[in-house]
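Protein chains in written order, with this note's numbering: chain A, -10 to 242; chain B, 149 to 490; chain C, 48 to 424.
Rather than coming from a laboratory, the hints here were simulated on the basis of the structure.
By construction, the Cβ of each residue, glycine as well, lies at the ideal position given by its N, Cα and C atoms.
Incorrect hints may appear among the rest.
Counterexamples of contact, computed for chain C against chain A with all Cβ distances above 12 Å [said to hold, decoys possible]: (1) S182; (2) Q198; (3) A243; (4) V258; (5) S344; (6) L362.
Calculated lysine-lysine pairs in the PhoX-like style (CA-CA distance at most 25 Å, straight line) [claimed, not checked]: (7) B/K297 x B/K203; (8) C/K259 x A/K61; (9) C/K259 x A/K132; (10) A/K208 x A/K131; (11) A/K118 x A/K158; (12) A/K131 x C/K129; (13) A/K118 x A/K132; (14) A/K118 x A/K131.
Chain residues, written in single-letter form:
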Amino acid sequence: MEILKVEGVNKAFGGLKALHDVNLSVEAGTVHAIIGPNGAGKSTLLNCFVGRLIPDTGSVTFNGTTSLIGLKAHEINQTGVSRVFQTPEIFGELTILENVMIPTMARRDGEFSLQFWRRLDADAEVRDKALHMLEDLGLASKKDIIAGSLSRGDKRRLELAMCLVQDPKLLLLDEPTAGMSRADTNNTIDLLQRIGEERGITKVVIEHDMHVVFSLADKISVLAQGTVIAEGTPQAIKGDPRVQEAYLGGAHL
Amino acid sequence: MDVILLQLLNGLDKGGAYALIALGLTLIFGTLGVVNFAHGALFMLGAFCAVTFNKFLSLEKVVLDPTKTTAWGTPMEVRTPYVEAYLGDFGAWVLNYSVPMSILLAIPVMLIIGFAMERGLIKHFYNRPHADQILVTFGLAIVLQEIIKSIYGANPIPQLAPSAVSGAADVGAFLGFDPGVIVYPFWRMVYLGFAGLVIAAVFAFLQFTTFGMVVRAGMADRETVGLLGINIERRFTIVFAIAAVVAGVAGVMYTPILPPDYHIGMDFLVLSFVVVVVGGMGSLPGAVAAGFLLGILQSFASMNEVKAILPGIDQIIIYLVAVVILLVRPRGLLGRKGVMES
Amino acid sequence: MTSNPTPTRDLAVFVIFAAAVLTMPIWLAPIGAAYPDLLQKFAIYGLFATGFNLLFGLTGYLSFGHAAFLGVGSYTAVWGFKLLGMNPVPAAAMAIVTSGLFAWLIGYVSLRRSGIYFSILTLAFAQMSYNLAYSVLTPITNGETGLRVLQSDPRIFDTAAQSGGPLVSTLFGIEMSGYPGFYFCATFLILGFLVAQRIFRSPFGTMLRAVKSNQNRMNYTGLNPRPYTLAVFVISGMYAGLAGALLCITDPLAGAERMQWTASGEVVLMTILGGVGTLLGPILGAGIIKYFENIFSAFNEHILQDIFSFLPEALQGPVVSISGLFVGEGWHLTLGVLFMIIVILLPGGIMEGVGRITSMVKGGSRKKHQHQTAPAE
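Produce the complete structure using the sequences and hints provided.
This is the structure we're talking about:
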């Protein structure tokens, strides 16, 4: 089943065509990587999925029926799409536990709820779920630390926890290993693979690092100059001369 | 038509004052990244430079004239300002021109104050949150105005324009309307011309000097300029001092239009901030344009015809315009994206 | 602030706070602050600052127009007295409702912008209210004279005895002046503190801190920041309105100057002085400012001469005249200096200072702050 279907998406900034007739379909339960050289339109495309940008034409359909076009970021999240950013976006002044409790509540109580009388720490349901998530990602021992003081790798893991605790149907990852050491990168790949197997969450990954892409992806779409030039399994993409031409400037993988 | 022209003229001089204060505020904000709530106080200090200069010149020599007596039979006191007594006609001339002459006093004074303020206080706040900057300069503004109040008292102190320009011109008659309809005081014309001159000078300075180029580059992208190895700190001080001088001379020249009191600065500050925001934080042309625009709008709103339809509109027009512009154009008329949003 | 306040700890803080407020007439006596008028001011401005801090402390939205709600509260309360009678409870209730509605209106518009744009929008609305109260709204506000209760007002629920009596609000036959007036206000302060404490610890309060921390992440977490900020803006406006109403219970008079932007600046100062984002700080800040205002503005040259009489005569003159600048009429100078000192030296306010001293006394080198400010990247 297709969980995300992108049809004929165009987006221009002034005279610059950032996306040109992009078609894409993401199968449920798979890891779909979008790769391409700098300026190919990867981030623009991702921003069209999450409500930050509105395509000029075309449609983005989620889960078969829901059109994501024109929805606000928080509404898109509530339909079951979570996003990890290139630089982790977390609540830097709050504790790690609070960071994870907030998305947990957001999923249970919706975009707004005026619970000003009960105590947050008395909400066992939310607290347990958040703690469980933190344990799963190995952050439980740091639950009372202020999130802003974490290392970059831990911030990334925290952000992932914040997304996963919402049980998203679709997880969008924008360069999840950007700026990481090789060891951290490998840890992240392991983590993402484990999560993929355990939870069966569909993932769309934008990535520069070929090592990450080929380790994770079930299917790869190659974007160049705002349009999809090739699509297929990692093996097929590796051998595709068009991809090597556009993306790698002829160098062999 | 003639009424409209009159209001236009009336709005221009007030707009000139707004524009001058807003220009300095924007300059400081754009280069130093500091929100200066004490900028109105600088305007006020300028105005009190004029008051001080005049007071000093008006110090009087008292002579008893035995040839004349008062109604009580005592000898008549003859009071002559010292400047007149010792310098004769030249002294009288200086006294007459005390307001424009006090610019000569205000420029060095404001330079020193600006320099001291930036070195002593503002520079420690470059990397503090905007809220802290607002608060500390707000505190400074209170301190400055209370000091002035304790020296000069709470009442407004009227200043006279030089007699040569103290009358009013029948601009209407000159332009072919009925005489006596558009009467515009000479001094306001002087102020308008003066404001135009100062604005032009500031823009020319920024446009045609190397220093100005660095400042403009700094306003466009502060971080990069800092990385170029240019001694940005020293330039910050100078920019701040210039902004202080601009506010100060604006205050000096405004004294014949509105007698200054200790809180004139606060009154202008609130409005000038609205002007800056309407113009767009960090945009110099925006500040000038918004200054004149709001001055004129305020003047139109105080027409009886307008007040008859919208009672009270003259009291709120500036704020109303600010609200509308901020809602329709979030970053003001000419503002850039992402400035002061956090 | 500790990151892990337990319910027991919060209860203890609340009980101690309530006891401290109620016994103020006793323990404030040694510093000459234990008379009802001043105590009442402590309670009222403490409430005002607590409400302001809910907005500024939790969400970081700096309103520069909060005095507008104080003014609206005052006007409403006086109208309540005029129409319904001198019972302060309906007047206060009316003030809360009206200022809440007014805050909803202003907040709905202002909260579309953040940062200094938000501050300017709130300032603009407050200045508009102030200017209008002085001019065209005179039928409602009685302009410069100020709105007061008259013997001829309808006051429909007042008994015959009341309508002939003095124009002071009365509850169950007790006149709300002197100590009863203070205790009435103190009750509201304690209630207000309790609500604020609950909000701080609640999911709602956590969301508000999330607004301050990272609105982008909030959006991508499925949360809509706008209703959260609007809700707290309205709550905060209601606190201000209630404070405004309480200002009228002893002296049923409302004037436009209560709405001026200097009054908005004052509540910002109280909050900053005590400690933004702490529960007790703003109340402490309000108390300190009102106390010093009271003491300093009552000083005059004679008192100063007495104080400095121990100095040699040559010194006494200059010292008296210099310190004279800071007292009496010059109290605002002291306020300005205080403002600057606090922002320069103690940005976290008194509560941070207290925290620093406590950790020094405990001798612990384990500083919480290092955790927070440690470079992350």
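Hint by hint, here is what the structure shows:
1. S182: holds, 38 Å
2. Q198: holds, 43 Å
3. A243: Violated, because the least Cβ-Cβ distance between C/A243 and chain A comes to about 10 Å, which does not exceed 12 Å.
4. V258: Incorrect as stated: the minimum Cβ-Cβ distance to chain A is 10 Å, not above 12 Å.
5. S344: holds, 38 Å
6. L362: holds, 50 Å
7. B/K297 x B/K203: Given pair B/K297, B/K203 holds - Cα atoms ~16 Å apart, limit 25 Å.
8. C/K259 x A/K61: holds, 20 Å
9. C/K259 x A/K132: holds, 20 Å
10. A/K208 x A/K131: violated, 36 Å
11. A/K118 x A/K158: holds, 18 Å
12. A/K131 x C/K129: violated, 59 Å
13. A/K118 x A/K132: It holds: about 13 Å lies between the C-alpha atoms, which stays within 25 Å.
14. A/K118 x A/K131: holds, 16 Å
Consistency with the previously given hints fails for numbers 3, 4, 10, 12, ordered from lowest to highest.
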